[in-house]
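Enquirer: Sequence:
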Amino acid sequence: MLMLKADNDNAIIVLHEIYGINDHIKRMCDIYHESGFDIFCPDLLRRDTHFLYEQHKQAYNYFKNNCGFNTTAVEQLVNELKEKYKKVIIIGFSVGATLSWLCSETSQCDGVVSFYGSRIRDYIDVMPRCPTLVIQAKYEQAYNSSHLQQKLASKPMMSFYIFNGHHGFCDRFSPSFNEEESKKAMKLSFDFITKIVG
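Numbering (my numbering), first residue to last: 1 to 198.
To be clear, the hints were calculated from the coordinates, so they are not data collected in a lab.
Nothing here was measured: the structure is a model prediction, and the numbers come from that model.
Check the hints yourself; a few may be wrong.
Once the Cα atoms are required to be at most 30 Å apart in a straight line, the calculated DSBU-like pairs of lysine-lysine come out as [to be verified]:
hint, residue 1, residue 2
1, K151, K138
2, K187, K138
3, K5, K84
4, K57, K183
5, K184, K26
6, K138, K5
7, K138, K26
8, K5, K187
9, K195, K82
Label-pair restraints from in silico Cβ distances [unchecked claim]:
hint, residue 1, residue 2, range
10, K5, D125, 29 to 37 Å
11, D125, I31, 14 to 22 Å
12, Q76, P175, 15 to 23 Å
13, R27, T194, 17 to 25 Å
All C-beta atoms, glycine included, are put in the ideal place defined by N, C-alpha and C.
Given only the sequences and the hints, what does the whole structure look like? Please build it.
Expert: Right, here's the structure in full:
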């Protein structure tokens with residue numbers, strides 16, 4: 001687990017993509033840590049190294065076969081952190097975003113931010129029990145994010161935003177990176193989190 005601690009009052013759990021804890025995820029952990037949160041990023045893959053972007057298919061199959069969308073470990077981490085911190089927020093990217101979406105219903109976290117969780121479309125029955133921010137890319141290959149937005153429109157405690165980019169638009173190390181849309185999405189996430197922690 002990647003941990004960045006400085007005796008802050010609030011904690012963020014960062015859930016990585018299929019690639020594992022790579023430079024993008026480390027950068028996101030740094031950004032949120034520098035804004036005043038202790039950071040906990042569990043290694044969902046439980047491997048010594050992360051996958052490269054060129055290993056997308058291998059990474060996807062590894063995640064599917066060895067990890068999946070079981071929230072138990074994340075929920076246990078939330079429960080542990082709730083004993084030490086005022087607020088615990090989960091922020092997920094891609095498969096981590098789908099996991100964070102599932103945790104919005106089942107865990108004791110205080111808020112969830114989901115960056116382009118494409119498999120949310122398989123879990124549209126989830127009913128968030130905490131403030132939940134869903135950030136989606138306009139141009140997704142496997143599904144229509146506007147249709148997903150319509151399906152989730154009646155969910156309580158949820159905000160859904162679509163940004164003018166492709167899957168991974170907040171990842172500075174990805175060909176899909178869109179600096180302008182990334183800045184907007186990050187600002188939205190900070191505004192959302194600030195309201196939760198007061």
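Enquirer: Work down the list of hints and note, for each, if the structure agrees.
Expert: Here is what the structure says about each hint:
Proximity of K151 to K138 is assessed by CA-CA distance (about 16 Å); at most 30 Å being required, the pair is judged to hold. Distance check on the hinted pair: K187 and K138 sit about 18 Å apart at the alpha-carbon level, within 30 Å; holds. Pair hint K5 plus K84 holds up; C-alpha atoms about 12 Å apart against a cutoff of 30 Å. At most 30 Å may separate the alpha-carbon atoms for a hinted pair to count; K57 and K183 meet this at roughly 29 Å.
Annotation: proposed proximity of K184 to K26 holds, straight-line Cα distance about 20 Å (limit 30 Å). Our distance criterion of 30 Å between C-alpha atoms is broken by K138 and K5, whose separation comes to about 35 Å. Proposed proximity of K138 and K26 is supported: the alpha carbons are some 25 Å apart, at most 30 Å. Restraint check for K5 and K187: the C-alpha separation of about 22 Å stays at or below 30 Å, so the hint holds.
With a C-alpha separation of about 18 Å, the suggested pair K195 and K82 falls inside the 30 Å cut-off, and the hint holds. Evaluation of the 29 to 37 Å hint for K5 and D125 yields a pass: the beta carbon distance comes to about 36 Å. For the pair D125 and I31, the supplied restraint of 14 to 22 Å is violated, since their beta-carbon distance comes to about 32 Å. The given range of 15 to 23 Å is broken by Q76 and P175, whose C-beta atoms sit roughly 36 Å from each other.
The beta-carbon spacing between R27 and T194, approximately 20 Å, falls within the hinted interval of 17 to 25 Å.
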